[in-house]
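What follows is the residue order along each chain.
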Amino acid sequence: MASRNENVTEPSGEDAFSRRKFLTVASAGVAGTVVTGRAVADTLADVPPREVGADLSGHGERSKFVQLAMLPEAGPGKRNVDPSDAINSKAPLGKLVGTITPTDLHYERSHSGNPDLDPAKHRLLVHGMTRKQLVFTVDDLKRMPSITRTVFIECTGNGWENWKKADPNVTVQNTHGLVSTNEWTGVPLRFLIGLVGKDRRSTWMLAEGADAAGVDRSIPLAEEIMDEAFIAYGQNGEPLRPAHGFPIRLITPGLEGNLNIKWLRRLKFGDQPWMTRWETARYTQLLANGKAMQFQLRMETNSVITSPSGMMEIRPGYHRITGLAWSGHGKISKVEISTDEGRTWKQAQLNYPVLPKAQTRFQMDWVWDGKPTKIISRATDEKDNVQPDRKSFIAKMGTNALFHYNAQQTWSIDGDGRVRNALA
Amino acid sequence: MLSPKQLFAGAVAAALLVLPAYAFDFGRPASSDEIKLWDIDVRPDGKGLPDGSGTVGHGKEVFADNCAACHGDNGQGGIKDRLVGGQGTLASDKPIKTVGSFWPYAATLFDYIHRAMPYQAPGSLSVDDYYALTAYILSLNGILPPDGKLDKETLPKVKMPNRDGFIPDPEFSKVPVPK
Chain A
55 MASRNENVTE
65 PSGEDAFSRR
75 KFLTVASAGV
85 AGTVVTGRAV
95 ADTLADVPPR
105 EVGADLSGHG
115 ERSKFVQLAM
125 LPEAGPGKRN
135 VDPSDAINSK
145 APLGKLVGTI
155 TPTDLHYERS
165 HSGNPDLDPA
175 KHRLLVHGMT
185 RKQLVFTVDD
195 LKRMPSITRT
205 VFIECTGNGW
215 ENWKKADPNV
225 TVQNTHGLVS
235 TNEWTGVPLR
245 FLIGLVGKDR
255 RSTWMLAEGA
265 DAAGVDRSIP
275 LAEEIMDEAF
285 IAYGQNGEPL
295 RPAHGFPIRL
305 ITPGLEGNLN
315 IKWLRRLKFG
325 DQPWMTRWET
335 ARYTQLLANG
345 KAMQFQLRME
355 TNSVITSPSG
365 MMEIRPGYHR
375 ITGLAWSGHG
385 KISKVEISTD
395 EGRTWKQAQL
405 NYPVLPKAQT
415 RFQMDWVWDG
425 KPTKIISRAT
435 DEKDNVQPDR
445 KSFIAKMGTN
455 ALFHYNAQQT
465 WSIDGDGRVR
475 NALA
Chain B
347 MLSPKQLFAG
357 AVAAALLVLP
367 AYAFDFGRPA
377 SSDEIKLWDI
387 DVRPDGKGLP
397 DGSGTVGHGK
407 EVFADNCAAC
417 HGDNGQGGIK
427 DRLVGGQGTL
437 ASDKPIKTVG
447 SFWPYAATLF
457 DYIHRAMPYQ
467 APGSLSVDDY
477 YALTAYILSL
487 NGILPPDGKL
497 DKETLPKVKM
507 PNRDGFIPDP
517 EFSKVPVPK
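Listed in order, the protein sequences are those of chains A and B.
Throughout, my numbering is defined as the position within the first sequence, counted from one, plus 54.
Throughout, my numbering is defined as the position within the second sequence, counted from one, plus 346.
Next up, chain B with everything else stripped away, as it sits in the complex:
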């Protein structure tokens, strides 16, 4: 166990804080089952996507029921973010940033809707519904065909129009692996 003196010394000397010997004393191991409850992030390569699938057609129904009130009937004209159109406007004086014109990764769309939407009840829809919504919004932007379908294999392969539209800041984009 740590003596008060040791703790005090640790608190004073911030540079000496990393002492693996302290590990037993703080926190508890997380079980894999509980990690699954929270481990929802999805990477652009699809890592983290759950099992399931959804079609554009089903997505249209889910969208009408859960999203259109804020985002408009067809993903535009609503009181909240416009989701559709704007392609070709980014270099103009009035750029329109939407999923179709600006978002670089389809996986990000799934991740965001899945974690944060519908606004009043985030995460309340089924995984299939979230795949369907993703498919529908992409189809509204002409990125998926009207009979399109998405799952964890096909979603990361969707090429977004603005995939190459970003310039990573040199200071933070290449973090060296410590020796």
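This is chain A alone, in the form it adopts within the complex:
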């Protein structure tokens, strides 16, 4: 390759196209473009010389060249709001790699702000249909045997952008940013159940938070939930962040995000659901016939291509398609990708290890011929649940459900390489 600079006329063909494309994109300030870097340092002589860096610090910051932020939102499509009006904040999936969501970018959904509670004054009351009614301190919990597990948590509202129509000008952060994967550490629910001596006739547990709203959910004590739920005090190797329930929260792997009660202060055992506002008026799914699905707690098999994705721009040639897949049923067993609008599918490579009820990174190489097309991903989990196409999903759930959207995500790509959100 000849050495070149910005004043040299491009030879021809693809390189010329890519140079122009990159400059156009850069000047337009479009975030997250797949077109990166090439025009900046064409020869090694253009790479800046080595120099002594900044002082070491007590707190690691991101590179000044990396901008990562969540997106506060007041409701479906109500973006760029004052943080005090936000009800959730979405994770920047299009700019993340791997599977772990950085702690400060784990999506947030809270119902009365994010309190920062004094752990010395926080208490957990466990009572109801139990032999003992006990009060625990945070230190008590930290002295108990613990488990560490990597799981995804997903707001049931994830995907709510696309129920009725697709705004073409949104990113994957808009469409799918209400899911994140972290490593959590805490005490198995079974251990606490053993301590208080749960009555075997108790089949439901109320979990309640110490937030102003006292958010509470009834949790069925199915064997799977009793085996897997835990009370977490650790998040990605440090104490929980306030937005995620400091000092303690419930983790219910694979189930609705709102069951993972933050700022947990009470567990009460009973023999029927309490029918709280959250499990009746809120997190229920209205079907086309006017009836609503209730206690649809498991988060379904899902996936999304994170690159290339909404508002990115690509150029013809070689690409690496990558994205995330997850299922509340267990491990992801397969992700297929279509680059021809769903006519044919190829199996993507999964990045190992594939963990149950955690997000899995997938990838596939692809040569784009420059013609308009649509790209789609489709996940299958170890229980053989297949992520549905949008048409059959809407036929089953209607367009009013508001929660539990897991239809296949389609990104359309036009002849100029612009990637946009599409229904199918």
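These aren't lab readings, by the way, just hints derived from the structure by calculation.
Careful: at least some of the hints might be erroneous.
Unchecked claim - Here are the computed lysine-lysine pairs in the BS3-like style, where the Cα-Cα straight-line distance is at most 25 Å:
1) B/498 to B/406
2) A/345 to B/520
3) A/218 to B/426
4) A/450 to A/388
5) A/345 to B/505
6) A/450 to A/218
7) A/400 to A/437
8) A/445 to A/400
9) A/345 to B/406
10) B/440 to A/445
11) B/503 to A/345
12) B/440 to A/218
13) A/132 to B/498
14) B/406 to B/505
15) A/450 to A/428
16) A/450 to B/520
17) A/388 to A/345
Here the structure of chain A is known, so what remains is to put chain B in place on it, guided by the hints.
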């Protein structure tokens, strides 16, 4: 007492964690008086409802003072959730989910207002005020008469219009009692 080795073994073997012998070592017994401070949940059958009562008329005053700023003068038209109307819209393209059109249990309304409202000072009103607010919101929806009154006996008997509007997910709605 537990030796470090025992604790370590427990931490490693999650399946063996339930050992009642550990009980003495963690937590302390809760007194019934302190449990009462936190035990606020109310079930659809009324279990957990406190003593007290409230009328629609009193509720109208409490609502104007504490709720109308967000929910509108008559439970609609405010900046926050609409509480009134929408009956008959659930199967339409634009369903309106309110207390009157969607909520299946009156007890849930009391429980929610009592625990979470007013938004800036949850639980700050009297029990009688919360009964009155519940009565007023139900009356706005035509579910209670204008001279209606609620207490822990009458509230669970209120039949909500959408009581039968829910389909429990088969996987989680019937939890078997362990043998």
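The hints, checked one at a time:
1. B/498 to B/406: holds, 20 Å
2. A/345 to B/520: holds, 19 Å
3. A/218 to B/426: Status holds; Cα separation ~23 Å.
4. A/450 to A/388: The hint holds at about 23 Å.
5. A/345 to B/505: holds, 17 Å
6. A/450 to A/218: holds, 14 Å
7. A/400 to A/437: holds, 20 Å
8. A/445 to A/400: holds, 21 Å
9. A/345 to B/406: violated, 31 Å
10. B/440 to A/445: holds, 20 Å
11. B/503 to A/345: OK: residue 503 of chain B and residue 345 of chain A at ~22 Å, within 25 Å.
12. B/440 to A/218: holds, 11 Å
13. A/132 to B/498: violated, 40 Å
14. B/406 to B/505: holds, 21 Å
15. A/450 to A/428: Distance ~24 Å between residue 450 of chain A and residue 428 of chain A Cα, so the pair holds.
16. A/450 to B/520: holds, 23 Å
17. A/388 to A/345: Roughly 33 Å separates the two Cα atoms, so the pair is violated.
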